[in-house]
Amino acid sequence: MNFLKQITNKFKHLTGQSELDDKVAQQIERKNEMLRNLLTYARQNSPWYRKILKNVSIDTMTCDHLRELPTITKTTFMENWDDIVTDKSLNLKKVSQHLNKMSNTEEIVPLDDKYVVFSTGGSTGKKGIFVYPIEGVRLLAYLRSQRLKKSMMPYLNLQEGEILRIAEVVATNAVYGMYARSKIYSSEDELKHFYPITKPMAEIIEGLNKFQPHRVNALPSTARLLCKFAQAGELTINPNIMGVGAEPLYEPIREMIYKTWPKIKLFNYYGTTEGVAAGNCKPNSFYMHLNDSRAVFFPVNQCNQIVNRGDYADKLIFTNLNSYTLPLINYEIEDRIRFVPESCSCGSLLPLIEEPKGRAVQDFIYPGNIIVHYLVFSTPLLTDPHVIEFHVKQTPLGAEINIVSNGPVNKQKIVDSIRQTYSKLGLHNAQIEVRDVPEMSYLPSGKLRRFTPLE
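Under my numbering, the first residue of the sequence shown is numbered 280, with each subsequent residue one higher.
These are calculated hints, taken from the structure and not from any lab test. Keep in mind that a hint or two might mislead.
The list that follows gives simulated cross-link-like pairs (lysine-lysine, DSBU-like), each with its CA atoms no further than 30 Å apart [said to hold, decoys possible]: (1) LYS373 with LYS393; (2) LYS380 with LYS330; (3) LYS544 with LYS561; (4) LYS373 with LYS636; (5) LYS471 with LYS542; (6) LYS489 with LYS478; (7) LYS333 with LYS373; (8) LYS544 with LYS462; (9) LYS353 with LYS692; (10) LYS302 with LYS353; (11) LYS372 with LYS393; (12) LYS367 with LYS393; (13) LYS333 with LYS372; (14) LYS428 with LYS393; (15) LYS333 with LYS478; (16) LYS507 with LYS672; (17) LYS302 with LYS507; (18) LYS462 with LYS561; (19) LYS507 with LYS542; (20) LYS380 with LYS353; (21) LYS393 with LYS692.
Quick caveat, the model's predicted, so the values are computed rather than measured.
Sequences and hints are given; from them, build the entire structure.
Quick look at the structure:
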């Protein structure tokens, strides 16, 4: 049963039942129509979906009926990329080469003047490459900016005529959707500065102290570092708002943020390169609204059986109703999510989820408190078109990297990139070794531990 139907009864106290029923019914039918349009387009233009949907009666298909179609994993998706894409001018080799060109720039470089190319961050152990029309990304970035502005404005305490100052302490590489979606749109009434997380922390701290942002956006692990520098008296900013995302927000980090800035309003976001998006409707909350207005979700266990609302799901089966260039239909998202049975006091019909507590990524810390962020490794590795999987193990003087590849990997380029960053951080002549292995050793859960720090 569609989740919109499941939550109908929970809003009787907020509005008339008849009015709510009509609203829910309209949303369900709108999504059903969007789904039928997507399936029709995919069957006409994608060789992969032409086979999958050959005997499907699209005219009567609904979102609930999606469960009858097969699911697709990231591995299967990447192995069949060329058959899945609907634009015949695109293929994985061409897109991977473009992605490789983007590895050394902070600018958004369109492919064929109309597409943006994103790569997943690598925390799952398997790289995913996705293509979206640039105008669509720009529009969604604008809409997201407006929603954030509406939810955060009451907490900013701006003076009349004062421009909102936003600091983004992130990986400033356009292959990552988190950065690109923020970079692609800026409002005239805000000033946005980016601080590359791969730079030395002293340089980042100096920049933030000069900028004095009202709002800081960062990964939770980065927020933890900022707290440490603030508590030491080196970081002297007092932001009204902090936004975190792309990693789990663990309770010790949350508590550290509140201890460092007692009056701060904390917003947490969950998103994926594939198009999943969720966020808090109010600050300092443990719950998020999952945006299903243009998507269909089924929370399932490891056997792809739907779990009850209130139970933890091992995976999300996700269909992006906006993704026509590279259709994602019943795509498996390997994140542990819990749909909350209670309704939200804000009155939104969007499903409510508990903030994800998924995979954790750990920094490498060397003597002298030299901290190497995991993106130092994942960026050069993920932008090489032939690296399929990788594992990084910290050593006393550097790191050992095991890779699984499907072609000639430019190992020297990867090593040089990592060594250069180590040197900038103060660890000179780092010993970085890249080795080919036939396969990776997975955990009992079936997942791969991507980064292994020293004990």
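Against the structure, the hints:
With a CA separation close to 14 Å, the supplied pair LYS373 and LYS393 stays within the 30 Å bound. About 34 Å separates the Cα atoms of LYS380 and LYS330, which puts this hinted pair outside 30 Å; it is violated. Between LYS544 and LYS561 the CA atoms are separated by roughly 9 Å; this keeps the pair inside 30 Å, and the hint holds. In summary, the hint linking LYS373 to LYS636 is not supported, as the alpha carbons are separated by about 36 Å, beyond the 30 Å threshold.
The straight-line distance between the Cα atoms of LYS471 and LYS542 is roughly 22 Å, inside the 30 Å bound, and the hint therefore holds. For the suggested pair LYS489 and LYS478, the alpha carbons sit about 16 Å apart, so the restraint of at most 30 Å is met. Distance restraint check for LYS333 and LYS373: the Cα-Cα separation of roughly 28 Å lies within the 30 Å cut-off, and the hinted pair is therefore satisfied. Only pairs whose Cα atoms come within 30 Å are accepted, and LYS544 paired with LYS462 is accepted, the gap being roughly 23 Å.
Proximity of LYS353 to LYS692 is assessed by CA-CA distance (about 26 Å); at most 30 Å being required, the pair is judged to hold. Taking the CA atoms of LYS302 and LYS353, the gap is near 35 Å; set against the 30 Å cutoff, the hint is violated. The straight-line distance between the Cα atoms of LYS372 and LYS393 is roughly 18 Å, inside the 30 Å bound, and the hint therefore holds. Taking the CA atoms of LYS367 and LYS393, the gap is near 14 Å; set against the 30 Å cutoff, the hint holds.
Taking the CA atoms of LYS333 and LYS372, the gap is about 27 Å. The hint holds against a cut of 30 Å. Simply put, LYS428 and LYS393 have alpha-carbon atoms about 28 Å apart, close enough for the 30 Å limit, and the pair holds. About 51 Å separates the Cα atoms of LYS333 and LYS478, which puts this hinted pair outside 30 Å; it is violated. Distance check on the hinted pair: LYS507 and LYS672 sit about 25 Å apart at the alpha-carbon level, within 30 Å; holds.
Proposed proximity of LYS302 and LYS507 is contradicted: the alpha carbons are some 48 Å apart, above 30 Å. The straight-line distance between the Cα atoms of LYS462 and LYS561 is roughly 24 Å, inside the 30 Å bound, and the hint therefore holds. At most 30 Å may separate the alpha-carbon atoms for a hinted pair to count; LYS507 and LYS542 meet this at roughly 17 Å. At roughly 23 Å between alpha-carbon atoms, LYS380 and LYS353 fall within 30 Å of each other, so this suggested pair holds.
Proposed proximity of LYS393 and LYS692 is supported: the alpha carbons are some 29 Å apart, at most 30 Å.
When the structure is compared with the earlier hints, violations turn up for hints 2, 4, 10, 15 and 17 and for no others.
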